[in-house]
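2 protein chains.
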Amino acid sequence: MKIAVLPGDGIGPEIVNEAVKVLKVLDLPFQLDEAKVGGAAFDAHGHPLPEHTLNLAMASDAVLFGSVGDWKYDKLERHLRPEQSILGLRKNMGLFANFRPAICYPQLTHASSLKPELVAGLDILIIRELTGDIYFGQPRGRREAPDGEFKGAPEAFDTMRYSKPEIERIAHVAFQAARKRNKRVTSVDKANVLETFQFWKDVVTEVHAQYPDIELDHMYVDNAAMQLVKAPKRFDVVVTGNMFGDILSDEASMLTGSIGMLPSASLNAKGQGLYEPSHGSAPDIAGKGVANPLATILSAAMMLRFSLNQEEAAARIERAVQAVLEQGLRTPDIHSEGTQKVGTVEMGEAVVAALKAQ
Amino acid sequence: MKIAVLPGDGIGPEIVNEAVKVLKVLDLPFQLDEAKVGGAAFDAHGHPLPEHTLNLAMASDAVLFGSVGDWKYDKLERHLRPEQSILGLRKNMGLFANFRPAICYPQLTHASSLKPELVAGLDILIIRELTGDIYFGQPRGRREAPDGEFKGAPEAFDTMRYSKPEIERIAHVAFQAARKRNKRVTSVDKANVLETFQFWKDVVTEVHAQYPDIELDHMYVDNAAMQLVKAPKRFDVVVTGNMFGDILSDEASMLTGSIGMLPSASLNAKGQGLYEPSHGSAPDIAGKGVANPLATILSAAMMLRFSLNQEEAAARIERAVQAVLEQGLRTPDIHSEGTQKVGTVEMGEAVVAALKAQ
Ligand SMILES: [Mg+2]
Ligand SMILES: [Mg+2]
Numbered sequence: 001m002k003i004a005v006l007p008g009d010g011i012g013p014e015i016v017n018e019a020v021k022v023l024k025v026l027d028l029p030f031q032l033d034e035a036k037v038g039g040a041a042f043d044a045h046g047h048p049l050p051e052h053t054l055n056l057a058m059a060s061d062a063v064l065f066g067s068v069g070d071w072k073y074d075k076l077e078r079h080l081r082p083e084q085s086i087l088g089l090r091k092n093m094g095l096f097a098n099f100r101p102a103i104c105y106p107q108l109t110h111a112s113s114l115k116p117e118l119v120a121g122l123d124i125l126i127i128r129e130l131t132g133d134i135y136f137g138q139p140r141g142r143r144e145a146p147d148g149e150f151k152g153a154p155e156a157f158d159t160m161r162y163s164k165p166e167i168e169r170i171a172h173v174a175f176q177a178a179r180k181r182n183k184r185v186t187s188v189d190k191a192n193v194l195e196t197f198q199f200w201k202d203v204v205t206e207v208h209a210q211y212p213d214i215e216l217d218h219m220y221v222d223n224a225a226m227q228l229v230k231a232p233k234r235f236d237v238v239v240t241g242n243m244f245g246d247i248l249s250d251e252a253s254m255l256t257g258s259i260g261m262l263p264s265a266s267l268n269a270k271g272q273g274l275y276e277p278s279h280g281s282a283p284d285i286a287g288k289g290v291a292n293p294l295a296t297i298l299s300a301a302m303m304l305r306f307s308l309n310q311e312e313a314a315a316r317i318e319r320a321v322q323a324v325l326e327q328g329l330r331t332p333d334i335h336s337e338g339t340q341k342v343g344t345v346e347m348g349e350a351v352v353a354a355l356k357a358q
Numbered sequence: 001m002k003i004a005v006l007p008g009d010g011i012g013p014e015i016v017n018e019a020v021k022v023l024k025v026l027d028l029p030f031q032l033d034e035a036k037v038g039g040a041a042f043d044a045h046g047h048p049l050p051e052h053t054l055n056l057a058m059a060s061d062a063v064l065f066g067s068v069g070d071w072k073y074d075k076l077e078r079h080l081r082p083e084q085s086i087l088g089l090r091k092n093m094g095l096f097a098n099f100r101p102a103i104c105y106p107q108l109t110h111a112s113s114l115k116p117e118l119v120a121g122l123d124i125l126i127i128r129e130l131t132g133d134i135y136f137g138q139p140r141g142r143r144e145a146p147d148g149e150f151k152g153a154p155e156a157f158d159t160m161r162y163s164k165p166e167i168e169r170i171a172h173v174a175f176q177a178a179r180k181r182n183k184r185v186t187s188v189d190k191a192n193v194l195e196t197f198q199f200w201k202d203v204v205t206e207v208h209a210q211y212p213d214i215e216l217d218h219m220y221v222d223n224a225a226m227q228l229v230k231a232p233k234r235f236d237v238v239v240t241g242n243m244f245g246d247i248l249s250d251e252a253s254m255l256t257g258s259i260g261m262l263p264s265a266s267l268n269a270k271g272q273g274l275y276e277p278s279h280g281s282a283p284d285i286a287g288k289g290v291a292n293p294l295a296t297i298l299s300a301a302m303m304l305r306f307s308l309n310q311e312e313a314a315a316r317i318e319r320a321v322q323a324v325l326e327q328g329l330r331t332p333d334i335h336s337e338g339t340q341k342v343g344t345v346e347m348g349e350a351v352v353a354a355l356k357a358q
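From first to last, the protein sequence lines are chains Y and E. Going left to right, the first sequence walks through residues 1 to 358 as full-length UniProt numbering numbers them. Going left to right, the second sequence walks through residues 1 to 358 as full-length UniProt numbering numbers them.
Keep in mind that the hints were calculated from the coordinates and are not lab data. On a predicted model such as this, the values are computed, not experimentally measured, just so you know. Please note that the accuracy of each hint is not assured.
Covered stretches of chain Y (chain E as the covering partner; in silico rule of three or more C-beta atoms under 8 Å from a C-beta of chain E) [said to hold, decoys possible]:
hint: 1; stretch: 45-52
hint: 2; stretch: 73-79
hint: 3; stretch: 182-196
hint: 4; stretch: 212-224
hint: 5; stretch: 251-257
Glycine included, C-beta positions come from ideal geometry on N, C-alpha and C.
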């Protein structure tokens with residue numbers, strides 16, 4: 001099992017370091033190879049995604065990614081900025097399926113904006129299509145309006161598009177993910193208004209015929225944005241397009257109140273994946289030893305489940321994280337009265353100890 | 001001041017009836033003319049928006065609208081369905097600016113999904129552009145993918161478009177509305193990814209130069225969906241496009257926990273407007289005398305403020321609604337222990353009494 005380890009910038013190296021410690025204690029035959037990415041790669045090699053980093057990622061079964069970006073790179077030309085590294089990895093590896101869990105741990109329920117009874121035990125998996133939709137659709141640009149009420153006026157435009165194979169493959173991913181969970185999929189669309197999402201709904205319904213064991217329902221995106229606030233626990237797996245998924249996955253992550261806890265994954269058709277915390281590189285706290293490594297450790301658990309087929313090891317890590325929360329250990333971002341404040345390394349080592357104690 | 005009264009279907013007639021009682025007690029020179037719309041108009045005249053109804057609306061200063069729709073019309077051809085009446089009114093009257101307030105009354109704070117301290121005193125005005133964007137953009141349809149990874153495969157597509165004059169006019173509406181409030185506007189876009197919304201941001205910024213007394217900030221739509229959950233009180237006026245506004249206004253309305261309380265308005269360039277409750281026609285409770293008339297009564301207050309230039313009368317109605325809530329009167333949808341359950345007519349008459357007592 002070949003894992004490319006790309007720590008990146010900001011708090012990336014610190015948090016990835018703890019996740020690597022956790023992986024090593026599992027005693028599985030991993031080959032871990034580290035390379036620079038993002039601003040760190042730009043500083044060392046003049047490019048945020050150097051060829052040897054890309055090749056390492058492409059040749060691995062999975063990529064464990066920290067985070068990229070720092071204010072000091074803001075003035076670089078767009079193609080040299082740290083964020084381009086992740087876009088390059090997505091594109092070259094064909095990572096079309098973005099998994100964004102929103103989980104509310106019982107010990108952290110108070111951190112949510114929502115009333116505790118609405119989020120206690122929340123466990124949603126939002127699956128966002130990541131390489132199509134209006135975020136990439138051509139043509140796009142500025143022009144004179146070719147028709148309409150303001151014909152001739154300056155206008156800007158973009159194109160929303162989804163082809164049948166793009167929808168089919170993300171639908172398969174969603175139904176298969178639901179099989180490992182509570183067997184319910186909600187497909188989010190805007191079929192009442194958009195041609196693209198009427199087609200989305202039709203194709204998802206067609207693919208569903210191959211999954212009689214999975215329950216499927218359809219919901220409009222505006223209603224989904226409401227239901228996430230009103231009754232988030234009604235969802236199991238949510239599958240949707242790139243733009244709706246961008247909006248809903250961020251809304252759902254905020255429901256939990258603790259973004260420092262949320263892992264994410266991006267997968268391709270072969271099961272290769274890139275795993276990273278949902279939070280960013282937090283350059284303001286980089287190097288201070290206070291960053292929360294749990295989202296990265298939980299990303300490593302997702303990697304074991306979805307790319308390396310090691311469900312048992314994945315579940316062991318998740319239980320270990322539960323155990324350290326139960327012990328009352330908290331990094332500053334999730335700290336509250338009556339719990340014990342710890343740093344990045346202490347938190348990582350507590351997870352290692354909990355694993356060994358299992 | 002000519003007001004077209006269009007009660008519509010379901011609970012529409014009951015709730016509009018109470019709003020009309022409230023208007024009549026103000027002793028202002030209104031001319032109220034009633035006409036059928038929606039399913040009721042289809043039953044009587046064979047069309048959901050008969051010509052005489054449309055003409056009455058066009059010739060009035062404002063339309064007070066109840067609600068349309070009932071399951072029994074679901075099998076009609078699309079152009080005969082009740083919902084078409086509202087699309088027809090929007091189109092013919094040029095109602096491009098949709099006002100969606102999200103207000104959390106102190107007496108109803110407990111009904112929100114959010115913790116009371118996060119929503120107590122919430123008062124946001126979301127202004128959604130209503131006639132452009134990808135919901136109406138041409139071309140759209142199905143075809144063979146002309147290019148891309150799946151060239152030749154069946155695909156569907158839509159076009160997102162905004163012209164400069166469309167953005168300018170909604171920006172003016174937002175800045176002017178902010179002047180009557182807390183003088184802050186948040187423009188929501190996705191300028192980092194979409195050409196249309198980079199243009200949106202540029203044009204809103206340009207229009208802002210004419211409003212030095214108003215504070216403007218810009219926020220990405222995914223972040224806005226998060227901030228509404230995390231800290232909704234940070235917003236005053238939010239202005240955005242048709243699709244983002246659809247999603248965010250519904251999310252915001254759900255934050256309040258009492259949709260039966262929320263009015264809405266749709267305005268054109270001349271200040272003519274259509275005023276209606278945010279909730280629907282609720283055919284399941286139609287005719288039972290239990291519907292909440294307050295959203296419609298508050299819509300009448302918005303009508304006085306935004307189309308009829310009667311700010312004082314608008315504020316009087318809003319104070320009267322506050323007073324009946326303070327008295328503990330509640331229709332079933334907002335009822336809770338320790339408050340007094342009343343029906344539609346009792347609630348309307350309590351508002352009338354509160355107005356007289358001012
Ligand atoms: Mg996002
Ligand atoms: Mg909506």
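Each hint tested on the structure:
1. Counting residues of the stretch 45-52 of chain Y whose beta-carbon sits less than 8 Å from any beta-carbon of chain E gives 0, not enough to reach three: the coverage restraint is violated.
2. With a cut-off of 8 Å between beta carbons, the stretch 73-79 of chain Y has 0 residues touching chain E; three or more are needed, and the interface restraint is violated.
3. Here's how the stretch 182-196 of chain Y fares: 5 of its residues keep a CB closer than 8 Å to some CB of chain E, so the rule of at least three is met and the hint holds.
4. A stretch counts as covered by a chain when three or more of its residues have a beta carbon under 8 Å from one of that chain; for the stretch 212-224 of chain Y and chain E the count is 3, and the coverage holds.
5. Counting residues of the stretch 251-257 of chain Y whose beta carbon lies closer than 8 Å to any beta carbon of chain E gives 4, which meets the minimum of three for the stated coverage.
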